[in-house]
Amino acid sequence: MREVVILSGKGGVGKSSIVGSLGVIYARKYKVVLADTDVDAPNLNLVLGAKLRNSEEIAASFKSFINYDKCIGCMMCSDVCKFSSIIGVDLPIIIPYSCEGCGACSVICPEDAIEIKEVVNGQLNIFDAENMLLVAGELHIGETSSGRLVDIVKKRARQEAEHCHAEIICTDGPPGIGCPVIASVKGADYVVLVTEPTPAALNDLKRVVEVVKHFRTPLGIALNRSNIHPESNRAIKQFSQDNGFFILSEIPYDKSMPMAVANAQPVVSAYPAAPASLALRKLAEALSERINALS
Amino acid sequence: MQKTIEGNFQSEIIAAYHEKNFETPVIGVTGGKGGVGKTTVAVNIACALVNMGYKVALVDADVDAPNAAILLGMTLENSLDVFITRPLINESKCNSCGACVEVCRLNALFLPKDKAPVLLGACNGCEACLLVCETNAIHRGKKTVGKTYKTNRGNLTLYTGELIPSLEESAIVVEKLKERIFQEAADFDIIVVDTSPGAHCNVIKALQGSDSVITVTEPTPLGAHDFELILKLLDIFELKGTAFLNRADLPSPKDAVQKIAQDHNTTVAAELNTDDLLIKSYVSGDPIVTMFPEAASAITFVRLAHEIAQEYLI
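So the sequences go chain by chain: A and B. Residue numbering for the first sequence is 0 to 294, as defined by numbering that gives the first Met the number 0. Residue numbering for the second sequence is 0 to 313, as defined by numbering that gives the first Met the number 0.
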């Protein structure tokens, strides 16, 4: 079983749309499990028009809780908190949205009034999408520890994949380069970096490349909306060539893409003859070649 | 109200979130979904305000993927490092008691038999290990996790945060960036803050202290879904503002976004259609309000800037 993660650095370049189509193409030949680790704003189920099978609450976060019967208001906890997460003048108040649950406050508290507790920070949703299973994480609004939730989503996706003897897991990752991205890359066999020909997307691509190189994961590039700016298209090819990165496919922009999104269908299902669908099939082919060549 | 903000202290937490020790108005720009045009909106409104004669600080708080400088054709200057504590262990003082290893909730410390512990895993600099060490064998070292920049061009000053790739401390870089601009807030007439996509810690910290928030979205089902998430977040933190519907002519019905806006008492203050000139300016490093001031989208940005000035600056 192989695990492919799709990342981009920049948001909105087409990660979810591409994963949706890749899944549909692979599912014709293989058993496929999909995962959505963009737990801040999971969208893959919308691209696929997927049906929710079940949903469970996940406690993957820790926070400090003060027992006010014991607290004497010395405020030492506030002084040691490196995350500016305890406010108040003579009575400490924990700010839940930035508390890391590190426990420094409970160590310093002379009255043993602070406890670190596990809290529910999100949910794990299982969807059916055509003949695929989708495991998606969703962080509750205002909650933290997205990286830990991603770990749980990935673990569950692997279990489901083993259970149904899936050959491939395709993971739709989050934008950016922070903790949920790092959690998404860990343990992956291959990373597809989606980008578009704009200077901003190239800038973000370079940053996410640094992350993937750090984990020594092999990577390939999917150049989406390849026809929107020829000069940036050349710049991305030059960057790829200079670094020895393979461009798996160039996916031209046409109206079929947004129309497919509007209809909650991957473009390869909705408009199989569109130039974008052709390019996505080429992407699937180039990607399986790369994965099969992995040792 | 969500379970995030508990008990009787909700009002204190919200008050602290809105507290600022300066008069300069702060306008946040966010959106939930990536690539909906947050930075384009922030940059153009900032430049339109500059063109009206105001001194503007634009804050690029998308520290994972900061792009405002690229859209402005600016080269970043005046960098400051952002540090966290890295525990340094003095082996000669250590009695191998293992208390630091036990207290570390990230399991970043490893204790070889009869030796001093070594830092192996991801340390977030919480200093719990320093607090438990009986022999004072652990000292504060420094680990650089990112940079903040301050780049000036006429009446526009760009503050940018940048996380070092492969590290996880985005939220701390955002916090230090906000500290840097808020300390210098009195130098400006107005502050515009551009956030990362998503709806969690980085975005919450970036929007802290905002007087008003512009939420950028697009009419696609994905845009609508993430728009609702971010409006829920704004409700929790009692942040008010308006919505900005970008690419309004995409083949998705606009009513989903309009309905969500209505449910959250948010007005759609502007709609923009897809525009070749906007893409041209986007790839040229020159905001449309200066590159093509006659373009329909430039006129929309200038109108929004006037509305902001009307409300906060006159």
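Hints listed in this document are in silico derivations from the structure and should not be mistaken for laboratory results. Glycine included, each C-beta is placed from N, C-alpha and C at the ideal position. Be careful, since some hints might not be right.
Said to hold, decoys possible - No farther apart than 30 Å at their CA atoms in a straight line, the calculated lysine-lysine pairs in the DSSO-like style are these: (1) A/Lys-116 to B/Lys-142; (2) B/Lys-258 to A/Lys-236; (3) B/Lys-258 to A/Lys-205; (4) A/Lys-81 to B/Lys-258; (5) B/Lys-146 to A/Lys-50; (6) B/Lys-279 to A/Lys-254; (7) A/Lys-254 to B/Lys-146; (8) A/Lys-116 to B/Lys-175; (9) A/Lys-205 to B/Lys-92; (10) A/Lys-50 to A/Lys-30; (11) A/Lys-236 to A/Lys-254; (12) B/Lys-92 to A/Lys-81.
What the hints assert, rightly or not - Below, a sample of chain A positions facing chain B; criterion: calculated Cβ distance under 10 Å: (13) Cys-104; (14) Ala-200; (15) Asn-202; (16) Gln-237; (17) Gln-240; (18) Phe-244; (19) Ile-246; (20) Tyr-270.
Discussion item. So if I understand the rule, the pair passes when the alpha-carbon distance is 30 Å or less; does B/Lys-258 with A/Lys-236 pass?
Written reply: violated, 42 Å
Item to complete: Decide if the proposed pair is consistent with the structure: A/Lys-50 and A/Lys-30, CA atoms, cutoff 30 Å inclusive.
Response: holds, 18 Å
Worksheet item: Would the pair B/Lys-279 and A/Lys-254 pass a check requiring their Cα atoms to be no farther apart than 30 Å?
Response: holds, 19 Å
Worksheet item: Does A/Phe-244 meet its interface restraint, that is, does its C-beta lie within less than 10 Å of any C-beta in chain B?
Response: violated, 16 Å
Worksheet entry | Given pair status - A/Lys-50, B/Lys-146, alpha carbons within 30 Å | Cα-Cα ~43 Å, so violated.
Worksheet item: Is the shortest C-beta separation between A/Ile-246 and chain B less than 10 Å?
Response: Where the cut-off is 10 Å and the nearest Cβ of chain B is about 19 Å from A/Ile-246, the hint is violated.
Worksheet entry | Interface hint outcome for A/Tyr-270 [beta carbon to chain B under 10 Å] | It is violated, given that the least Cβ distance between A/Tyr-270 and chain B is near 12 Å, above 10 Å.
Discussion item. Please verify whether A/Lys-116 and B/Lys-142 have alpha carbons no more than 30 Å apart.
Written reply: holds, 28 Å
Practice prompt. Report holds or violated for the interface hint on A/Ala-200, using the least CB-CB distance to chain B and a cut-off of 10 Å.
Written response: holds, 9 Å
Worksheet item: If you draw a straight line from the CA of A/Lys-236 to the CA of A/Lys-254, is it 30 Å or shorter?
Response: Distance of about 24 Å is within 30 Å: holds.
Discussion item. Min Cβ distance, A/Asn-202 to chain B: is it shorter than 10 Å?
Written reply: holds, 6 Å
Item to complete: Go through the hint on A/Gln-237 and say holds or violated, using the shortest Cβ distance to chain B against 10 Å.
Response: violated, 16 Å
In summary, the structure is inconsistent with hints 2, 3, 4, 5, 7, 9, 16, 17, 18, 19, 20 from the numbered list given earlier, while agreeing with the others.
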